[in-house]
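**Student:** Note that the protein sequences, when read in sequence, are chains L and Z. If you read the first sequence in my numbering, its first letter stands for residue 1, the second for the next number, and so on. If you read the second sequence in my numbering, its first letter stands for residue 244, the second for the next number, and so on.
Incorrect hints may appear among the rest.
[As the list claims (entries may be wrong)] Chain L stretches covered by chain Z per the calculated footprint, using a threshold of three residues with CB under 8 Å from any CB of chain Z:
#1 77-87
#2 141-155
#3 197-204
If you are wondering where the hints come from, they were derived from the structure by calculation, not from laboratory data. In this text the structure is predicted, and so the values were computed from the model without any measurement. All residues carry an ideal CB built from backbone N, CA and C; glycine is no exception.
These are the residues of each chain, in order.
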Amino acid sequence: MEIDRADGRNPNQLRPLSCSRGVLNRAHGSASWAQGNTQVLAAVYGPKAGTKKNENPEKASVEVIWKPKTGQIGKQEKEYEMVLKRTLQSICILTIHPNTTTSVIVQVVHDDGALLPCAINASCAALVDAGIPLKHLAVAICCCLADSGLVMLDPTKLEEEKMKAFVYLVLPNSILSVLPEESSSVKGEQMEQGLITSVTHGVMSVDDYLHCLERGRAATSKMSDFLRRNLQPQLSSDSSKAG
Amino acid sequence: MGTPNAVGDWSSEMEVSAFRRLFPLRYYERHLSESIRPDARPLKRARDTIVSLGAVASSDGSALAKIGSTTMLAAIKMEVMTPSVDSPDEGSVAVEFHMPPICSPVVRPGRPAEVAPVTSKQLFDCLLSSGMIDLKELSLIKGKAAWMAYLDIYCLDADGALFDAALLSAVAAFSHLRIPVVSLNDEGRMVMVSKELEGEKLDKEPVDKERRKLSLKSIPFSLTCILHKNYILADPTFEEESIMETFITVVLNSSGQLVSLYKSGGPVLAHTSAIQECVALTRQRMKELEEIIDEAISTMEID
Numbered sequence: 001m002e003i004d005r006a007d008g009r010n011p012n013q014l015r016p017l018s019c020s021r022g023v024l025n026r027a028h029g030s031a032s033w034a035q036g037n038t039q040v041l042a043a044v045y046g047p048k049a050g051t052k053k054n055e056n057p058e059k060a061s062v063e064v065i066w067k068p069k070t071g072q073i074g075k076q077e078k079e080y081e082m083v084l085k086r087t088l089q090s091i092c093i094l095t096i097h098p099n100t101t102t103s104v105i106v107q108v109v110h111d112d113g114a115l116l117p118c119a120i121n122a123s124c125a126a127l128v129d130a131g132i133p134l135k136h137l138a139v140a141i142c143c144c145l146a147d148s149g150l151v152m153l154d155p156t157k158l159e160e161e162k163m164k165a166f167v168y169l170v171l172p173n174s175i176l177s178v179l180p181e182e183s184s185s186v187k188g189e190q191m192e193q194g195l196i197t198s199v200t201h202g203v204m205s206v207d208d209y210l211h212c213l214e215r216g217r218a219a220t221s222k223m224s225d226f227l228r229r230n231l232q233p234q235l236s237s238d239s240s241k242a243g
Numbered sequence: 244m245g246t247p248n249a250v251g252d253w254s255s256e257m258e259v260s261a262f263r264r265l266f267p268l269r270y271y272e273r274h275l276s277e278s279i280r281p282d283a284r285p286l287k288r289a290r291d292t293i294v295s296l297g298a299v300a301s302s303d304g305s306a307l308a309k310i311g312s313t314t315m316l317a318a319i320k321m322e323v324m325t326p327s328v329d330s331p332d333e334g335s336v337a338v339e340f341h342m343p344p345i346c347s348p349v350v351r352p353g354r355p356a357e358v359a360p361v362t363s364k365q366l367f368d369c370l371l372s373s374g375m376i377d378l379k380e381l382s383l384i385k386g387k388a389a390w391m392a393y394l395d396i397y398c399l400d401a402d403g404a405l406f407d408a409a410l411l412s413a414v415a416a417f418s419h420l421r422i423p424v425v426s427l428n429d430e431g432r433m434v435m436v437s438k439e440l441e442g443e444k445l446d447k448e449p450v451d452k453e454r455r456k457l458s459l460k461s462i463p464f465s466l467t468c469i470l471h472k473n474y475i476l477a478d479p480t481f482e483e484e485s486i487m488e489t490f491i492t493v494v495l496n497s498s499g500q501l502v503s504l505y506k507s508g509g510p511v512l513a514h515t516s517a518i519q520e521c522v523a524l525t526r527q528r529m530k531e532l533e534e535i536i537d538e539a540i541s542t543m544e545i546d
C-alpha cells in the first residue's frame, strides 16, 4: 500500500519545520512558522485592558484576526478565526489577567496545505514569545486519508485536494506547566492523548478517523520536541531582557 | 474552587433559583452527580424534536425544525444559472445561515453574530461532503443550464445545539424540495412554467415532465455533546452551553460514515473513549431523527 508523494516523502514524514520567534519589533510577541512551503506569521498584542461586549469580564479574552495572503476574508477564514480563537482560549490561563484582551494577528505568507495547523503552531509560539501564561503548549497537525485508507501526514495543497478526506488535529504538548485539579490520566489514558481541537473535511469511516488520531498523536510528539527545543535557548537570553 | 460539597451549607440556606444564578456550575454538577439534568432529562437524551415540512409556501422546499425550543426555519429557492466550466453537468448549492436579533439576547441588531458565517460554512461542507445531494441531478442542459439551490436557514430561537437543528431543517427542506418545471423559450432561455400551465399541453416541451424530487442518499445527521469532567451531555441547551464550554459535534451519514467530527478548543480534552461514546450517541440519535423525518414526509404526503 505505497503511494508516491510528489515530493518523495514517505506517508509518515513531515515537511521540514522551521520556527523563528521575535521576528517583529513592535509586537509584544511574534513568531514565524513554516512547514515546507506553507508559512504563517503570527503577532501577539496584549493583554490590553477591557474585553469586548458579550465576553466574560472575569476572564481574559483572546481575539484572533486572520489576514489571508490576498483578498478579503470569507467564510473559510471566519471559520479558521473561530477555531483558532477557541483553541488558544483553551490553552491560555484566562483567570490570571481578568478583563483583558489579547490580540493574535495571523498573516498567511504562503499556503501550501495544512494552513490551519501551521497557523495554530505559529500562534502558540507567538504567545510564548509574548509571555502570555499558558497551561500547556498545543501542537497541530494535518492528517490526510487516501482512498485506500492510507494515512499521510502534513499534506501539501495538491495532496489535500486529491485526497478523499483530511483531518486537522490539535493535541496538547506533553509537559504541563500547571497541573489540572483532577489527576492527569482518565481511565488509563494520558493527558497528552486528549484532543483539543478536531476539524474534518470529507467522509471517512469512524475507524479511519481513530487511525488518523493515533498517527497524529505519534507525529505530534516529534513536533512537540521541536517546538520545545526551539523555545528553550531563546528563553535564557530573554530572561535578562525581561528583568 | 473546592468540591461541590464545600457550598453544601449554602445551598440549604439559599433559594434554589438564587443558587442557580450564583453558582451555575455547582448547580449543574450537583444535578449531574445524580445523573439528571435540571430540565429533567437524563444526561444522554436529546430534547423532543419536531419537523414540519412546507412552512414557507412561496419557496420550492421548506421545513421548520424544533429541537426543544431551538427553532430553525429553512427554505430553498431554485434558480437557473449557467454551470461553471469545470463541472458543466453539475448544479450547485449555496447555504446561508442567518441569526437575526430575534433569536437570542446575545445577538445585537446591526452586528451580525460571529457564529453565523462559520455555521454556514460547516453546513455547506456537511451537506456536500456527505453525498446527500447528487449535483448532477441539478443539471438541466449540460454546459448551458443548471439549477442553483439557495438554501437559507433562519434561526428563530437559539437555545443551544444550533448546528444540529440547522442541519436537521436543511435536510428536511431538501426532502420537501420539488424542482420547478422549466422550458426553453424561443430565444433559447429558460423560463419557469407557471403552476396553472403544468400538466397542460405546451407548445414547447418542458425539460422535465413534472416537478421532480431529488433522490437523497446518505443523509447526514448530527449530535452535539458537551464534555464536562467525565460527564457527557447530549444536545445541550443555551444555558448548558454557556456554563460548560467544551462541545463536540459528530455528523454521521445514514450509511454510517463519519462526515465531520468537530471540536474547537474548550477546557476539557477529548479522549478516545469519549469520542467513541459521542459517535455511539450520534448513531442512536440518527435512528430517532430518521424516524422523525420519515414521519414528517409521510404526513405531508397524506395531506
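**Student:** Each hint should be assessed against the structure and marked as holding or not.
**Tutor:** Hint check:
no., hint, result
1, 77-87, "holds (count 7)"
2, 141-155, "violated (count 0)"
3, 197-204, "holds (count 8)"
Going down the numbered hints, you'll see the structure goes against just number 2.
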